[in-house]
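Go ahead and model the full structure; you've got the sequences and the hints to work with.
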Amino acid sequence: MHEFVGPYQVSDVDFVLGIDVDRRKVGKHLVEAIFAAPNNTQFFETDIAPTNAKVIMGRLLDGVAAHMVEAGERGFQPASQPEATQQDIVDALRRERVDVLINFLPVGSQQASEFYMECALDAGVGVVNAIPVFIASDAGWETRFRQRGLPIVGDDIKAQVGATIIHRMLSSLFSARGVTVDRTYQLNTGGNTDFMNMLDRERLTHKKLSKTEAVQAALAERLADENIRIGPSEYVPWQKDNKICFLRLEGTQWGGVPMNLELRLSVEDSPNAAACAMDAIRFCKLARDRGEGGALIAESAYFCKHPPQQMAEDAAVTLLDARATPQLDAAE
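Note that the working numbering numbers the sequence shown so that position 133 is 133, with each residue one more than the last.
Just so you know, the hints here were simulated from the structure itself, not pulled from any lab data.
Predicted model only: the values in this text are computed from it and were never measured.
Accuracy of the hints is not assured; some may be wrong.
[As the list claims (entries may be wrong)] Here are the simulated distance ranges between beta carbons:
id: 1; residue 1: Gln147; residue 2: Gly27; range: 34 to 42 Å
id: 2; residue 1: Met1; residue 2: Asp91; range: 29 to 37 Å
id: 3; residue 1: Gln309; residue 2: Gln42; range: 33 to 41 Å
id: 4; residue 1: Met1; residue 2: Thr51; range: 20 to 28 Å
id: 5; residue 1: Gln309; residue 2: Phe43; range: 36 to 44 Å
id: 6; residue 1: Ala220; residue 2: Val31; range: 16 to 24 Å
id: 7; residue 1: Thr51; residue 2: Asn227; range: 34 to 42 Å
id: 8; residue 1: Thr46; residue 2: Glu221; range: 14 to 22 Å
id: 9; residue 1: Glu73; residue 2: Trp254; range: 52 to 60 Å
id: 10; residue 1: Ala53; residue 2: Glu292; range: 21 to 29 Å
id: 11; residue 1: Ala139; residue 2: Arg94; range: 25 to 33 Å
id: 12; residue 1: Asp14; residue 2: Gly256; range: 54 to 62 Å
id: 13; residue 1: Ala315; residue 2: Val69; range: 42 to 50 Å
id: 14; residue 1: Val161; residue 2: Ala36; range: 25 to 33 Å
By construction, the Cβ of each residue, glycine as well, lies at the ideal position given by its N, Cα and C atoms.
Here it is, written out as structure tokens:
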């Protein structure tokens with residue numbers, strides 16, 4: 001999305017450590033683990049140079065739902081080795097000289113996310129919080145990152161061209177053209193572990209809130225709860241990493257005449273999110289270089305669904321483009 005973020009290109013991002021709890025990944029080199037089940041995305045690059053980065057055992061806490069363990073190969077298979085302590089993770093982050101930790105735990109992993117946030121704060125590491133557990137948008141957590149001088153981008157990563165960004169843009173278009181949005185829905189299906197995990201509806205509270213608020217913020221007037229429905233709808237195993245969105249907006253045009261718009265979007269879920277993640281990682285590193293701490297407002301608004309402060313995409317990217325420009329040394 002940005003070729004350069006300060007001095008950093010995508011090729012400058014080195015993945016030096018993986019943390020997982022699945023026996024098919026723990027203990028393996030990262031370049032091998034990324035192809036292991038239950039990953040089922042399309043492989044757009046298979047010739048990856050070997051590195052020394054390995055996947056270490058993490059901490060389960062609430063990160064693994066019971067039905068995911070019962071799902072066999074398509075679900076999660078916790079490794080048998082002892083779970084990591086906070087000190088184990090902190091030591092690993094320091095040993096590998098990690099600059100930015102990205103949190104891609106399963107939706108609903110509140111305790112597990114908080115565990116890794118504590119590790120990041122202890123180790124002095126910036127964070128990109130890619131899931132809908134509210135950290136950057138929580139005043140208490142944001143204050144702690146700011147006091148430690150550590151940047152955080154969050155919460156809940158958007159996709160490059162995904163359901164939420166399209167829903168926001170269409171909502172803004174309706175408002176800009178004087179059309180009143182009366183009601184809307186966004187229904188999503190998919191076949192990866194994200195959608196399987198979300199079959200447990202108790203894990204969805206923050207996910208639905210995050211996606212709904214992202215769209216509400218783009219409307220000229222908020223909709224009543226009964227007039228907006230956004231969230232995952234069904235797990236369809238054969239879709240694998242393909243996510244399909246069915247979106248509908250109903251509105252009132254000039255003269256009180258009704259109209260509606262329907263859209264179907266089909267995308268590969270993981271690389272769609274990775275585009276935003278790679279930018280967010282580099283912006284977080286840039287902020288760390290500059291000694292900035294706390295939630296990064298423009299970065300969070302542009303790359304995440306539930307930022308501390310919602311902003312229109314054009315306003316956020318204008319700020320980002322200015323921040324991404326390499327700063328010349330004063331002596332040059």
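Problem set entry | Hint numbers not upheld by this structure, sorted from lowest to highest | 6, 7 and 8
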